[in-house]
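2 protein chains.
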Amino acid sequence: MEAKEILRKHIAQTASLTDEQFDYFFSHFKPQSYKKGETLIRPGRAVECEYFVISGCLKAFFVNDEIKTYILQFAMPTWWTSDYGAMYNHTNATITVDCITNAEVLCLASHDREKLCSELHQLEHFFRWRTNRGYVASQKRLLSFMNNDTKARYEELLSLYPQLYNLVPKHLIAAYLGVSRETLSRLYNNHR
Amino acid sequence: MEAKEILRKHIAQTASLTDEQFDYFFSHFKPQSYKKGETLIRPGRAVECEYFVISGCLKAFFVNDEIKTYILQFAMPTWWTSDYGAMYNHTNATITVDCITNAEVLCLASHDREKLCSELHQLEHFFRWRTNRGYVASQKRLLSFMNNDTKARYEELLSLYPQLYNLVPKHLIAAYLGVSRETLSRLYNNHR
DNA sequence: CACATTACGTGACCTAGATCACATAATGCA
DNA sequence: TGCATTATGTGATCTAGGTCACGTAATGTG
Numbered sequence: 001m002e003a004k005e006i007l008r009k010h011i012a013q014t015a016s017l018t019d020e021q022f023d024y025f026f027s028h029f030k031p032q033s034y035k036k037g038e039t040l041i042r043p044g045r046a047v048e049c050e051y052f053v054i055s056g057c058l059k060a061f062f063v064n065d066e067i068k069t070y071i072l073q074f075a076m077p078t079w080w081t082s083d084y085g086a087m088y089n090h091t092n093a094t095i096t097v098d099c100i101t102n103a104e105v106l107c108l109a110s111h112d113r114e115k116l117c118s119e120l121h122q123l124e125h126f127f128r129w130r131t132n133r134g135y136v137a138s139q140k141r142l143l144s145f146m147n148n149d150t151k152a153r154y155e156e157l158l159s160l161y162p163q164l165y166n167l168v169p170k171h172l173i174a175a176y177l178g179v180s181r182e183t184l185s186r187l188y189n190n191h192r
Numbered sequence: 001m002e003a004k005e006i007l008r009k010h011i012a013q014t015a016s017l018t019d020e021q022f023d024y025f026f027s028h029f030k031p032q033s034y035k036k037g038e039t040l041i042r043p044g045r046a047v048e049c050e051y052f053v054i055s056g057c058l059k060a061f062f063v064n065d066e067i068k069t070y071i072l073q074f075a076m077p078t079w080w081t082s083d084y085g086a087m088y089n090h091t092n093a094t095i096t097v098d099c100i101t102n103a104e105v106l107c108l109a110s111h112d113r114e115k116l117c118s119e120l121h122q123l124e125h126f127f128r129w130r131t132n133r134g135y136v137a138s139q140k141r142l143l144s145f146m147n148n149d150t151k152a153r154y155e156e157l158l159s160l161y162p163q164l165y166n167l168v169p170k171h172l173i174a175a176y177l178g179v180s181r182e183t184l185s186r187l188y189n190n191h192r
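Residue numbers (the numbering used here), protein chains in the order written: chain A, 1 to 192; chain B, 1 to 192.
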C-alpha cells in the first residue's frame, strides 16, 4: 500500500473527506526517506513540521545534562511524531527525533496544518481527536509510571507492541521504561 | 467576576466568537456548586461531562488495589477536568474527581461538546488547542518523572503553582509527586 | 577478513525512597 | 470544651534500582 492510501485510511477513521478534499490535504505533505540513524528533529533548532510514519520506526527522546536518554515515543507506521511542545510554542526543539530503522515519512509543515485546519472543519476535527488520543495515552503512561514497577511496565509495553522486542535494541526499551539497561537485562533473565 | 465572564475570557485567548455564538455556547453549561470532599466523578460510573473550574480546587486521582492514591491533576480556576480516557471511549470512569475545597464549576456534557464542535468550527479549534496544551504538559510531566528526583519535582511543582503549598495538605502533594508522605516530609525538613 | 563499535550479561556495592511504627500537632464537630 | 479524626514529623529497617566494572557476543564497515 502506498503512502497516500495509508494516510487516507488513517484519516477516514476519524473524519470523512471527499476525494477532492483529501487530495488537497495530501498535496501539502512532502514524502521523505531517511536511513537508520538519521535525525529529523534536533534540539536547539526550530521545529517546522510534524511527521506521519509510513514505514520503519522512529524514536522521540530527550537527552539530559548527564547524557542520559529518555524515550518519549517509539513512532511506528501510522503514528505521528514531532516535538509538539516546541512546535506549538514556536520555540526551539528540546527533544530529538531520529530513525531506529530506515523509514519513509510524510512531512507536514506546522503552518500548513494550521491553514488546513482553518480551511477544512473536518481536518480540525481530525487533529482534535488525534491529540485527544495522544493526551489520554500520555496520562495513562504517567499513571503506569507512578503505579507499576519496572517489570509490570516492561510487560505492559511488550503486550502493547510485541514487534518492539525484535525491532529495537534492549537499551532503547530501557530508555523508554526509564531504567538502566542493566536493570532491564536482569529483569527478563531473572537473576535475583 | 462571574462564571460567564471567566469562561468568556478563557475562550477568547484561543478562539474568537461573536456575542451570539458565545451565548449559545454558554447556554450548554450547567453551573454547579460542590462542598469540600464531594465527588464529581466516581470510578465504575459513566462519565457524562467535563468540568470547567470557576473557583476552588479539585483533584483528579487514581486509587490502586493497595489503596494508594496518585494524583493526575490539581484543577484550579480556569482549568478543565474530567476522566477523559473514559469520556472519549465511552467506558466507565477509572479515576475519581473530587473537591479539595468548596468549588464552583461549569459542567459541559460530552455529547453537547461534540455537538458544539461540529456546529461551530471555532469551538472545534478551541478544544483542539486546549487538548494540545494538555498533551504537551503531560509529556513534560512524564519527562520530569523520568529525569528528575523527588526534590527537583517538588520544587518544580511549587514554582509552577505556589498557591498549592498553603491550599492542599502535604500528603496530596506527595500523591501528585508519586512518593510517600514520609519522604516528602523529610525532603523539605532535610533530615538526611 | 580484521578490527572497531555496539549490544548485552553479570557481579559488587551504594542510595533514594518505601514501609512500619510511633509520637505529636492541628482541625473539625458534637 | 472535649473527643475523634486527620495531618504531620521522625526513627529504624528494607529493597528496587542505580552505578561501576568487567566480560563476551554480535554487528558493521573498510
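By construction, these hints were calculated from the structure, which means they are not laboratory data.
There could be a bad hint or two in this list.
[To be verified] Derived coverage of chain B by chain A (criterion: at least 3 residues anywhere in the stretch with Cβ under 8 Å from a Cβ of chain A; other residues may be distant):
| no. | stretch |
| --- | --- |
| 1 | 16-26 |
| 2 | 114-123 |
[As the list claims (entries may be wrong)] Covered by chain B, according to a simulated footprint, are these stretches of chain A (three or more residues, beta-carbon under 8 Å):
| no. | stretch |
| --- | --- |
| 3 | 72-86 |
| 4 | 111-125 |
| 5 | 129-136 |
| 6 | 150-161 |
Built from N, CA and C at the ideal position, the CB exists for glycine as well.
Each hint, compared with the structure:
For the stretch 16-26 of chain B, the stated coverage by chain A is violated: 0 residues have a C-beta nearer than 8 Å to a C-beta of that chain, whereas at least 3 were required. Chain A is given as covering the stretch 114-123 of chain B, and this holds because 3 residues of the stretch bring a CB closer than 8 Å to a CB of that chain, at least three being needed. Here's how the stretch 72-86 of chain A fares: 3 of its residues keep a CB closer than 8 Å to some CB of chain B, so the rule of at least three is met and the hint holds. Counting residues of the stretch 111-125 of chain A whose beta carbon lies closer than 8 Å to any beta carbon of chain B gives 5, which reaches the threshold of three, so the coverage claim holds.
Here's how the stretch 129-136 of chain A fares: 6 of its residues keep a CB closer than 8 Å to some CB of chain B, so the rule of at least three is met and the hint holds. Check on the stretch 150-161 of chain A: 0 of its residues sit with their Cβ under 8 Å from a Cβ of chain B, so the three-residue criterion for coverage is violated.
The structure does not agree with the numbered hints 1 and 6 stated previously, though it agrees with the rest.
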